[in-house]
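*Asks:* Protein sequence lines, in the order shown, are assigned to chains A, B, C, D and E.
In terms of my numbering, the first sequence has 314 at position 314, counting the first letter as 1, and numbering is strictly consecutive.
In terms of my numbering, the second sequence has 295 at position 295, counting the first letter as 1, and numbering is strictly consecutive.
In terms of my numbering, the third sequence has 311 at position 311, counting the first letter as 1, and numbering is strictly consecutive.
In terms of my numbering, the fourth sequence has 278 at position 278, counting the first letter as 1, and numbering is strictly consecutive.
In terms of my numbering, the fifth sequence has 306 at position 306, counting the first letter as 1, and numbering is strictly consecutive.
No lab work stands behind these hints: they were computed from the structure.
Some hints could be false.
It does not matter which identical chain is meant; a pair holds if it fits inside one copy or across any two.
Below, computed lysine-lysine pairings styled on BS3-like, alpha-carbon distance capped at 27 angstroms [said to hold, decoys possible]: (1) 203 <-> 351; (2) 84 <-> 33; (3) 103 <-> 80; (4) 160 <-> 31; (5) 33 <-> 321; (6) 196 <-> 228; (7) 84 <-> 108; (8) 33 <-> 161; (9) 33 <-> 86; (10) 351 <-> 214; (11) 228 <-> 103; (12) 33 <-> 103.
Here are the chains, one letter per residue:
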Amino acid sequence: MPGQYKHKHNIQKVGMPPGTLLHTGSMRNEKIKISMLCYSKDDWTEQQLSNVDELLQNDCIADVNWIHISGIHIIDVIEKIGNKFKVHPLVMEDIVNNEQRPKLEESKEYIYIVLKMINYYEQTVNIEFEQISIIIIRNYIISFQENDNHTFQQIRDRIKKTNGTIRTKGVDYLAYALIDCIVDHYYIALEYLGEKIESLEDKLMLDPGPNVLKEIHSLKTEMLFVRKAIWPLREIINALARGDSVLFSQDTLIYLRDVYDHIIQVIDTIEMYRDMVTGMFDIYISSVSYKLNEVMKILTIIATIFIPLTFIVGLYGMNFKYMPELEWEWGYPAVLIFMGVISTFMIIYFKRKNWIGNT
Amino acid sequence: MPGQYKHKHNIQKVGMPPGTLLHTGSMRNEKIKISMLCYSKDDWTEQQLSNVDELLQNDCIADVNWIHISGIHIIDVIEKIGNKFKVHPLVMEDIVNNEQRPKLEESKEYIYIVLKMINYYEQTVNIEFEQISIIIIRNYIISFQENDNHTFQQIRDRIKKTNGTIRTKGVDYLAYALIDCIVDHYYIALEYLGEKIESLEDKLMLDPGPNVLKEIHSLKTEMLFVRKAIWPLREIINALARGDSVLFSQDTLIYLRDVYDHIIQVIDTIEMYRDMVTGMFDIYISSVSYKLNEVMKILTIIATIFIPLTFIVGLYGMNFKYMPELEWEWGYPAVLIFMGVISTFMIIYFKRKNWIGNT
Amino acid sequence: MPGQYKHKHNIQKVGMPPGTLLHTGSMRNEKIKISMLCYSKDDWTEQQLSNVDELLQNDCIADVNWIHISGIHIIDVIEKIGNKFKVHPLVMEDIVNNEQRPKLEESKEYIYIVLKMINYYEQTVNIEFEQISIIIIRNYIISFQENDNHTFQQIRDRIKKTNGTIRTKGVDYLAYALIDCIVDHYYIALEYLGEKIESLEDKLMLDPGPNVLKEIHSLKTEMLFVRKAIWPLREIINALARGDSVLFSQDTLIYLRDVYDHIIQVIDTIEMYRDMVTGMFDIYISSVSYKLNEVMKILTIIATIFIPLTFIVGLYGMNFKYMPELEWEWGYPAVLIFMGVISTFMIIYFKRKNWIGNT
Amino acid sequence: MPGQYKHKHNIQKVGMPPGTLLHTGSMRNEKIKISMLCYSKDDWTEQQLSNVDELLQNDCIADVNWIHISGIHIIDVIEKIGNKFKVHPLVMEDIVNNEQRPKLEESKEYIYIVLKMINYYEQTVNIEFEQISIIIIRNYIISFQENDNHTFQQIRDRIKKTNGTIRTKGVDYLAYALIDCIVDHYYIALEYLGEKIESLEDKLMLDPGPNVLKEIHSLKTEMLFVRKAIWPLREIINALARGDSVLFSQDTLIYLRDVYDHIIQVIDTIEMYRDMVTGMFDIYISSVSYKLNEVMKILTIIATIFIPLTFIVGLYGMNFKYMPELEWEWGYPAVLIFMGVISTFMIIYFKRKNWIGNT
Amino acid sequence: MPGQYKHKHNIQKVGMPPGTLLHTGSMRNEKIKISMLCYSKDDWTEQQLSNVDELLQNDCIADVNWIHISGIHIIDVIEKIGNKFKVHPLVMEDIVNNEQRPKLEESKEYIYIVLKMINYYEQTVNIEFEQISIIIIRNYIISFQENDNHTFQQIRDRIKKTNGTIRTKGVDYLAYALIDCIVDHYYIALEYLGEKIESLEDKLMLDPGPNVLKEIHSLKTEMLFVRKAIWPLREIINALARGDSVLFSQDTLIYLRDVYDHIIQVIDTIEMYRDMVTGMFDIYISSVSYKLNEVMKILTIIATIFIPLTFIVGLYGMNFKYMPELEWEWGYPAVLIFMGVISTFMIIYFKRKNWIGNT
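If we strip away everything but chain A, and leave its shape as in the complex, we get (with noise of 0.2 angstroms):
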């Protein structure tokens, strides 16, 4: 379960003073990849940079400059960047802390947004998480990804293309197709969910066992965690669209507008999926017991027959000298079917009952 408990690493920061840069990732040995990508209408440039250095002597002049830095748990890289285009420190340690909670933050001079990407790994059938933090700051978008994993790919090959919309646009329309490329793969964790409850229904209905209980329970821990990321950005570009800030022109908030209808979306769907759970839940409980009552028929069924009928034979299995029936001769048989009338009767009253036909 991802996430889980990230908070642990943010006791290492207690009393420490206000922008202490502390990466609270796990910590890799890879380095840092940073790519520059500067387009105008007509011409587009990239550059992968080796180190931090390159870019802060490497001035960008296009009309829209995209650096992306790939990984966060080089401090002083994190470092350098902020200083270099004046961003607060406080900033900084946030970009660095992957356990950031979604949240937009404005100032005067650059617009900053943290969202939670989610990623669907295939091979292993589950989902995690990684922070992303966009600044934009004037003609600059600088986008920070906690791993390497060409999530933004198609949005660099769109801009490529010479007849993309997007190379006529400015950052702000950049920084929606961000936003919008994170938004849309949240349909895929939804599609993940929906599968996982459609599993779950067929296997509650085959044979609930405690096996799918803790599947149940695991499902929903992960709707938290899901629901957790998602929610607050409803806030966050709602409070874009609603085009407070300079940044963002009055056409891109029309686009802005239509992320918000999928946030929306996704957020009744998943509130959708955490009812449907919830009744998985009480079926389950519900199925059990229907199937100890089920149990407990059987065994009433097999013990109110047999009992008695052990009894009347445990009776003339006694050895009392003087017991008249044991003489007669058609004792034995008489017997025989007084029981067989017995458990006809309890049959007759079992199926009365409808214990019996419906088992």
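Go by the hints and put chains B, C, D and E onto chain A.
*Replies:* Showing chains B, C, D and E alone in chain A's frame:
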């Protein structure tokens, strides 16, 4: 269960530029049907257009021009219409995407409304959702519908009648009429749900088996979908009825408020149904518990009466050489009487406990 | 359960033009009764009109003219009255549709209020809902009621008394008096529900059978309907008491706020009752569980004591040739003593476990 | 359960004109006690008035004049006081109706506050609700209380002390002091509830029987009533503390905000208690389930071990002529050993399943 | 469970005049420790004052003067400090009352903040609540703490360092630093709760006994208290961060917003934990049910197989004179085979039902 995993289709769109038209419903082979109904107070004309180009050349100049498109699966057609009326690409994208949440979008030139029709099929006794988009633009109303199932036939008939009020009113009234027609269909869905609840309650009282449980669960899920389809309308119609848009005349607002009242009533009823279904679930659980109790009482009565008796007869079935009782002449009847006394005592005990008699 | 599937009737209206009058209650054969009570400070006259045309010709010129119509099933009558007072067709549609949600509609000329009367029938010990519509228009009050059951008789009497304050006040005060009378009846419904809860709690403690369960469920459903009928009033009376309408004088607003307080109190109590009924349900479940436990304890005690004993007596009932114990003179008493010891031990064990003694 | 069906009395009022004074509490024979405490910074006088007419003739001219009426069951007395101070008839109606919801009514001349005192009786270990009405009018405070139980004795004493701050302040401060005193008593109710919860938790751990269940239920219901009595105060005190009324000086508002904080704290605690009681209920249910499990394990162990053994001994109790085993010399010991092996195997099996050992 | 019945102490205050200082925590014998840390950008001095009078004579004139009082149990000390700084008596009352709800009080001269520190004790693996009051008044910060446990040691150290940013900022920044330090400690509480949940989930999967149930319940209660302590902070910090107070500079507001984000995150996590704990409870219940089912299956299998067999062997243990089967030579083997067939049939039946195999 219609629409349950609808978001699946959206995944194809991950990373695509906005405004990419992609039909997300089932691809049908049928042609898109376009009908055009133009009317003024005194006159009306109706045309069935064979293809979209006819529409593009055709300029209706009546007071109200209603273009109805049945089928949204041919992207090309929708795109052409959108371009003719200068509708934003995002709106066109929403029209062909049949997994839209009901919503309202107002721009300076037009109002775009997405609604969910709930069709009830009597033969199969189930309901299905269908997306209906309405664009109100100058003296045009353009309505898009997934299928071709005469939803609005009654409105057509009313327009064609000489004395219908609808002919004396403008596009806003027609828009109201369409919305009202859709909302009226929700009552049919409510009736369908109400009848299901009624029949499930009956089944629950007669014999609560696992089938009833499944039906309750599927009813619950169905209700979640109905709720999801209707709930956003509250806000939408309220926004329209507030009368912020110049496209709606003061006169029509009264009618919209009437529709608003209907929606509130529908939502109220659905919420009440949800409470009732939840209650049914509780009843199921407790009936099963209660029945288990009854089963166990029978078992316990039988076992408690016969197990001691069986012990006694076993006792006198022992083969000890020296068992004085076995030699007594009245040993056998004495044991019989003793056992009779015990069982009488037991039966009285159980009667006192109210276990026998109300079983 | 009154009103449960009321929306059924609405289906007849699907696709009909708005303002189509269609009575949705049960069609009764009785004639509609119209009474007219006109009063000023010093005088009053009362007329029972035989048909609606008399009303139309009759122009009351007293300070307050109260027209009361019992029966809304003859469309024609309602339509004529509506036309005379220039009421909007949608309002007339609402009056004859007895499945209206309580609501308030204010236009420039009149105020239209729909309320639900809750009638309690002592003989049948049940409650029924009745729709009451009130139109306040100039110095007229027109009230519509489904049945003819003297709901407002006390108000009539108060008007006819010389010294009643009601005579010195205007239509707004009469409107208040009518609403107050309806709200007062809610207390009777509350009493009815409170008594049902009380009696169910008693039954629950004595013998929680499936009948109690059914009663709890039906009480819950009934409460849902009561709540649905009363809840919207909160908003309605609040809107009136805010005093936005010129039809209500400052003096009357104090009275309306009093009614508002009553409604809040009624709603509070209903919410509390709902919590209590939910609690009763939980008690039912857990009593059943507890009883099952007790039943199983008895079974287990009996089985645990006697099954081993039965084994022992079975042991010595075996017919092996060489069983030395059988030959011993004291074999039989030894076995009896041994079994006595075992059962004593068992009983002590169960006493320690508190199973015997508090059963 | 105090107050549970309080609304019953209101039924007597159905249809009566508003302002009809009708005492709805229990009719007591005692006389109404009226005390009058008038004080300024330097002086104070206290009078016990024998009847209401004395009060009417008596005009206090001190800075603060506090009239306290113990008993609201003699309508005549209340009516006379109301008339003297020109209080609205509806307010007088509310004063004598002891089923009022806590509320605040502000008019130009006076402020009327209804509160619920919660009295805790140590002897009977229960709580009771008592309605207290406070009218603040010019330099008068009139307080009405159902019973005569020295609730405000401490405030009296503080006034009579020469150095009390209360003497230097106005009516608004006295009003605050009265409210504060009532709210302080809520802490006693909280303590009472807290102790009940504590003792129920202990009982729950020791032996969860049906009595505990009843106690939990009655505690829950009691909490519902306490909550209903306190909840509306939040709004009332907040309204007063906002300082809209000219009757409250800026200086006193600070004290009211303090009371407001207390109310929030009381409500917080009650909500927390409710969560805790709900949790106790869940524990009850699951303890019962768990115990059932334990019971069934014992039964199953006994039955599983002895039923097969009983079969075996029954087998060799058969009377077939030709049963070779019976003739063997070592048949009996062989069977004994075989049965020993079977039961050992069974016991090991149950130990593995952790059924034996932790029972 | 810390703080559970904290309100008890408040009862001593019933009826007392407001502003009466009454320490409600445990009375400790230790002296109150007063430390005074005064610093400007370039310099700092720290004093440990032996008694309160020293403080009163001592006038710090540095930029920021931080007076920290450890211990609030000596009323006299608090009163003197309060008087020196002209703090309202109600504030002083709140400081010594350690059962305060977190709150914010702004007056013209000072801001008063009450917070709850959550201390985690590693040795005893439990958490405890401690009330911390902060008064910001001109260039003074006065902080009150119940115990003397070096909570703010790290902040002291940062101040004493020459290069700390904290030295360059004013009292508002110090206030922020104190609040931030407290909020940072909440993460430790979260970790503690998270680890408890994790360990309980493991226990739940291995062996869900009544101890686990008790632990879940106590965890739930503990979470209620943590939530109660943290929840009000949301509002408080939000109010501060809105920047209404002149005491907080624009520059510090950014930091407060950062703290606000942390609080939201903490609250989010607690809410999620609550959902998870509720889920664990459901799992407990259903594991117990499931296990009961398994137990009953075993019992039923054993009983269903052996009870009929025992009947058969009992049958041939009867002592009737004329039982032909007993005389047959192959009677015994025939019966054995017959019983083998029956049990095989039974086992197949149970295998089909999936009762055997997955047990």
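*Asks:* Confirm or reject each hint.
*Replies:* Hint-by-hint comparison with the structure:
With identical chains, the CA atoms of residue 203 and residue 351 are at most 27 angstroms apart between copies only, with a shortest distance of 19 angstroms across copies and 31 angstroms within one. Taking the shortest Cα distances, residue 84 and residue 33 sit within 27 angstroms of each other inside one copy (18 angstroms), while across copies they are farther apart (47 angstroms). In this homomeric assembly, residue 103 and residue 80 come within 27 angstroms of each other (Cα to Cα) only inside a single copy, at 23 angstroms, whereas the closest approach across copies is 40 angstroms. In this assembly of identical chains, the alpha carbons of residue 160 and residue 31 lie at most 27 angstroms apart only when taken from the same copy (26 angstroms versus 37 angstroms across copies).
Neither within a single protomer nor between protomers do residue 33 and residue 321 lie at most 27 angstroms apart by alpha-carbon distance, with minima of 102 angstroms and 92 angstroms respectively. Taking the shortest alpha-carbon separations for residue 196 and residue 228, both the intra-copy value of 19 angstroms and the inter-copy value of 21 angstroms come in at or below 27 angstroms. Taking the shortest Cα distances, residue 84 and residue 108 sit within 27 angstroms of each other inside one copy (17 angstroms), while across copies they are farther apart (41 angstroms). Taking CA atoms no more than 27 angstroms apart as the test, residue 33 paired with residue 161 passes inside one copy only; the shortest distance there is 23 angstroms, against 36 angstroms between copies.
Only within a single protomer do residue 33 and residue 86 lie at most 27 angstroms apart by alpha-carbon distance; the minimum there is 21 angstroms, versus 43 angstroms between protomers. Taking the shortest alpha-carbon separations for residue 351 and residue 214, only the inter-copy value of 25 angstroms comes in at or below 27 angstroms, while the best intra-copy value is 38 angstroms. In this assembly of identical chains, the alpha carbons of residue 228 and residue 103 lie at most 27 angstroms apart whether taken from the same copy (12 angstroms) or from different copies (25 angstroms). Taking CA atoms no more than 27 angstroms apart as the test, residue 33 paired with residue 103 passes inside one copy only; the shortest distance there is 25 angstroms, against 42 angstroms between copies.
In terms of the numbered hints stated before, the structure departs from hint 5 and from no other.
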